[in-house]
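Student: Sequence:
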Amino acid sequence: MLYDLNIPWSSSKDPLDLQRTISFLSELGYGTIALNHIQSGPLPPTITNPIPATFPFTIPPKTVILRRCTLTLSDPSLNHRLTAVSSAYDIVALRPTTEKAFLAACLNLAEHSLISLDLTQRYPFHFKPKPLMAAIHRGIRFEICYAQATMEDSNARKNFISNCLGIFRATRGRGIVISSEAKTALGIRGPADVVNLMAVWGLGRERGMEGLSDNPRSVVINEGLKRSSYRGLVDVVYGGERSAAKDAEISEAQKNKANNAEKGKGKRKADDNKEVKENEPPQISKRQAKKQRMEALKATESNSSSSKETSPTAPAVIDTNNIIKAKANS
1 MLYDLNIPWS
11 SSKDPLDLQR
21 TISFLSELGY
31 GTIALNHIQS
41 GPLPPTITNP
51 IPATFPFTIP
61 PKTVILRRCT
71 LTLSDPSLNH
81 RLTAVSSAYD
91 IVALRPTTEK
101 AFLAACLNLA
111 EHSLISLDLT
121 QRYPFHFKPK
131 PLMAAIHRGI
141 RFEICYAQAT
151 MEDSNARKNF
161 ISNCLGIFRA
171 TRGRGIVISS
181 EAKTALGIRG
191 PADVVNLMAV
201 WGLGRERGME
211 GLSDNPRSVV
221 INEGLKRSSY
231 RGLVDVVYGG
241 ERSAAKDAEI
251 SEAQKNKANN
261 AEKGKGKRKA
271 DDNKEVKENE
281 PPQISKRQAK
291 KQRMEALKAT
301 ESNSSSSKET
311 SPTAPAVIDT
321 NNIIKAKANS
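Sequential numbering of the sequence shown, starting at 1, is according to UniProt numbering.
Watch out, some of these pointers could steer you wrong.
Calculated lysine-lysine pairs in the PhoX-like style (CA-CA distance at most 20 Å, straight line) [what the hints assert, rightly or not]:
#	residue 1	residue 2
1	LYS286	LYS298
2	LYS100	LYS128
3	LYS130	LYS100
4	LYS13	LYS183
Quick caveat, the hints were computed from the structure, so don't treat them as lab data.
With the sequences and hints as input, model every part of the structure.
Tutor: Structure representation (structure tokens):
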């Protein structure tokens with residue numbers, strides 16, 4: 001997926017122009033687009049996001065719209081409200097205008113994930129490798145907006161190329177995010193054209209593709225983790241717990257059960273239940289049942305022996321014929 005994290009937005013912008021820009025970016029293969037609101041003056045007392053969450057036109061399918069704020073920073077001491085800004089937007093970027101503010105954005109401040117410089121300006125300081133690499137190790141990326149090179153002012157184009165060379169030399173092409181900052185659809189370029197343009201100014205093709213895909217993706221993920229996790233380290237995910245609706249159903253069932261139990265207290269049982277319980281044999285233990293069986297067995301044995309003693313014996317039959325024959329032979 002390709003990313004373009006800098007599409008300028010203002011309240012006076014025609015929604016039709018914004019629709020054309022988003023549709024053209026979607027046709028070129030950009031799946032995630034960030035609408036950028038630039039805050040150049042002092043922050044208002046109440047920080048609100050002026051970028052609407054919904055638009056009067058249809059967003060192309062599989063296109064993600066993010067809301068971004070870019071703060072122009074000249075004094076790094078005025079940073080006590082950056083946390084409130086980061087909670088109102090999806091992405092927060094800083095645009096330092098002085099060397100002190102630039103070093104603070106690289107080394108100290110932590111509420112942003114992008115450093116977006118106005119590369120058409122000539123800065124009174126050089127881009128040194130140490131602070132830039134320290135910012136990259138902290139997860140901060142440097143944004144290059146190629147639409148700044150299409151300005152009519154030749155000095156602006158010269159400064160843009162010079163600043164790009166300085167950033168590429170200091171970072172060795174790492175931690176670069178390439179965005180358009182195109183005010184109209186005519187200023188947008190395809191990914192192949194952008195990579196070739198950056199290759200002319202010293203950024204390798206592999207680093208150029210990373211600037212359109214991997215590096216902006218890391219910015220979006222880091223900004224999301226800051227808002228949905230604990231200190232940007234532990235994300236709170238669904239762990240299989242019961243849903244709130246199911247918990248409400250269970251609690252309602254328990255309440256109904258308790259109410260029914262309270263209503264049943266103090267009432268007499270039905271007569272039918274009494275009759276059923278009276279007709280049922282009493283429950284006895286296994287030992288008592290065995291004892292009763294032994295007693296019944298002994299009783300049957302004693303009855304059988306007494307019946308044998310009382311019964312008369314049959315008289316013996318005398319065979320007189322045999323007796324007479326025996327005497328005659330003798």
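Student: Confirm or reject each hint.
Tutor: Now for the hints, and whether the structure bears them out:
no.	hint	verdict
1	LYS286 <-> LYS298	holds (19 Å)
2	LYS100 <-> LYS128	holds (13 Å)
3	LYS130 <-> LYS100	holds (15 Å)
4	LYS13 <-> LYS183	holds (9 Å)
Going down the numbered hints, you'll see the structure goes against none, and every one checks out.
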